[in-house]
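Student: Assembly of the complex is requested from the two constituent chains, each provided in isolation within its own frame, with the hints serving as guidance.
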Amino acid sequence: GNSVTQMEGPVTLSEEAFLTINCTYTATGYPSLFWYVQYPGEGLQLLLKATKADDKGSNKGFEATYRKETTSFHLEKGSVQVSDSAVYFCAQIQGAQKLVFGQGTRLTINP
Amino acid sequence: DSGVTQTPKHLITATGQRVTLRCSPRSGDLSVYWYQQSLDQGLQFLIQYYNGEERAKGNILERFSAQQFPDLHSELNLSSLELGDSALYFCASSVQPMTSGGSYNEQFFGPGTRLTVL
Numbered sequence: 712g713n714s715v716t717q718m719e720g721p722v723t724l725s726e727e728a729f730l731t732i733n734c735t736y737t738a739t740g741y742p743s744l745f746w747y748v749q750y751p752g753e754g755l756q757l758l759l760k761a762t763k764a765d766d767k768g769s770n771k772g773f774e775a776t777y778r779k780e781t782t783s784f785h786l787e788k789g790s791v792q793v794s795d796s797a798v799y800f801c802a803q804i805q806g807a808q809k810l811v812f813g814q815g816t817r818l819t820i821n822p
Numbered sequence: 337d338s339g340v341t342q343t344p345k346h347l348i349t350a351t352g353q354r355v356t357l358r359c360s361p362r363s364g365d366l367s368v369y370w371y372q373q374s375l376d377q378g379l380q381f382l383i384q385y386y387n388g389e390e391r392a393k394g395n396i397l398e399r400f401s402a403q404q405f406p407d408l409h410s411e412l413n414l415s416s417l418e419l420g421d422s423a424l425y426f427c428a429s430s431v432q433p434m435t436s437g438g439s440y441n442e443q444f445f446g447p448g449t450r451l452t453v454l
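In order, the protein sequence lines correspond to chains A and B.
What the first sequence shows, in the working numbering, is residues 712 to 822, in sequence order.
What the second sequence shows, in the working numbering, is residues 337 to 454, in sequence order.
Excised from the complex, chain B in its bound form (with noise of 0.2 Å):
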């Protein structure tokens, strides 16, 4: 378990359906990220959070969106949903991104959350 929960765990919705998933990082960590894993895209980096900020963006389309709220959780979006909007999205936490050192801060990832787009 490494203490990032995702709910919930399965969705199944219909296209041009709106959709939110929610994702609690590990205590104490302050920044979150967002990935989407699929077959034909494979596992992408949407968007990150620190604090509460936006941070980065990756392939993060503009029906997506996401916000991290004051107590860290963090919630993404969909809109207009397509049939290839089906997907896992996984959320993962770390205490920030960088040390003050310049070195990586381990991400750990939750289970994630499995889309179906019907």
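Excised from the complex, chain A in its bound form (with noise of 0.2 Å):
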């Protein structure tokens, strides 16, 4: 069935480096891709998402785009700051709605 798969974690970086964070995806035809993001305590959250092929989804300095050819969608971010410090999550909608997740990359940011 379709799946996603993310680079593993934790990922600790300093300030203001540049940050990659792989994910590709098996699935029948082309399904929309998202970038969740957790902070403790709190739910997920939508970052940015892309529907169709070369598209290329952004918010708050975060980048993805949408890659048919290499089946992958990886998120960057030029500069990240102490507050990007959260769980990274890659989804992709099959079906009816029904999100699929991967398994999450904990990102840390030190001063």
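Please keep in mind that the hints were generated in silico from the structure rather than gathered at the bench.
For glycine and all other residues, C-beta sits at the position ideal for the given N, C-alpha and C.
Please note that a few of the clues may not be correct.
What the hints assert, rightly or not - Examples of chain A residues lying across from chain B (beta carbon under 8 Å, computed):
| no. | residue |
| --- | --- |
| 1 | Tyr741 |
| 2 | Ser743 |
| 3 | Glu753 |
| 4 | Gly754 |
| 5 | Leu755 |
| 6 | Leu759 |
| 7 | Phe800 |
| 8 | Ile804 |
| 9 | Gln808 |
| 10 | Lys809 |
| 11 | Leu810 |
| 12 | Gln814 |
| 13 | Gly815 |
| 14 | Thr816 |
Tutor: Given below as structure tokens:
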């Protein structure tokens, strides 16, 4: 069935470093792809999305491009902040709006 | 604050017991989704309701059941609890599953209920 695979965590970076979190998916057809973020003690929040190939989702300095050729949706940010520390989930839509999530990547940014 | 509320925030119970988790969707949202987040299984879809009717089922155990009431709040019932049921249970809501154009309607997540089975 459809699945999502994220890079293993945890990831620890210094403030202002460049961030990449890898995400690849398997699916029949071309699902919509998402990045969700979970801050400590909170529920998930949609960070960005892309609904078709070559779409670029962006929000709060984060970007991800829907790459059909490599079935990937890697999350990037040019300069991370301490406030970006959270768990990041890559996900795809499957069937009747059922989100299929990757395993999550815990990101810690040190000042 | 997403506008989705879940109660209780924490629940501690014993094996073999039964619990009920409650979710109130955002005002105006007709669709409710339940997800389970555990250390070994990750974040998994359990079940979806739309306007009181079950729409989709995921990896939901037979010991678990859910319903959506006329006022659109939803309850997830977990029975004959086992240690492995300890997890964070999230509810999410959306206006409706899809727009008339066929695109995705964002799901807004509640803060979750942390269930601990001892």
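Student: Using 8 Å as the Cβ threshold, decide whether A/Ile804 counts as touching chain B.
Tutor: Where the cut-off is 8 Å and the nearest Cβ of chain B is about 6 Å from A/Ile804, the hint holds.
Student: Mind checking the CB of A/Phe800 against every CB in chain B and telling me if the closest is under 8 Å?
Tutor: holds, 6 Å
Student: Holds or violated: the hint that A/Ser743 contacts chain B, with Cβ atoms closer than 8 Å.
Tutor: At 5 Å from the nearest chain B Cβ, A/Ser743 passes the 8 Å test, so the hint holds.
Student: Please verify that hint: A/Gly815, Cβ, nearest Cβ of chain B, below 8 Å or not.
Tutor: holds, 7 Å
Student: Given A/Leu759 was flagged as interface, is its beta-carbon under 8 Å from a beta-carbon of chain B?
Tutor: violated, 11 Å
Student: When the nearest CB of chain B is found for A/Gly754, is that gap smaller than 8 Å?
Tutor: holds, 4 Å
Student: Mind checking the CB of A/Gln814 against every CB in chain B and telling me if the closest is under 8 Å?
Tutor: holds, 5 Å
Student: Restraint: A/Gln808 near chain B, CB-CB cut 8 Å. Satisfied or not?
Tutor: holds, 4 Å
Student: Does the CB of A/Tyr741 sit less than 8 Å away from some CB of chain B?
Tutor: Not OK, violated: A/Tyr741 not within 8 Å of chain B, min 13 Å.
Student: Can you verify the interface hint for A/Thr816: is its Cβ closer than 8 Å to any Cβ in chain B?
Tutor: violated, 11 Å
Student: Using Cβ atoms only, decide whether A/Leu810 comes closer than 8 Å to chain B, and label the hint accordingly.
Tutor: This interface hint holds because 6 Å falls under the 8 Å limit.
Student: Should the hint that A/Lys809 touches chain B count as held when the rule is a Cβ pair under 8 Å?
Tutor: Holds: closest Cβ of chain B sits about 5 Å from A/Lys809, inside 8 Å.
In the structure shown, a violation is registered for the earlier hints numbered 1, 6, 14, in ascending order.
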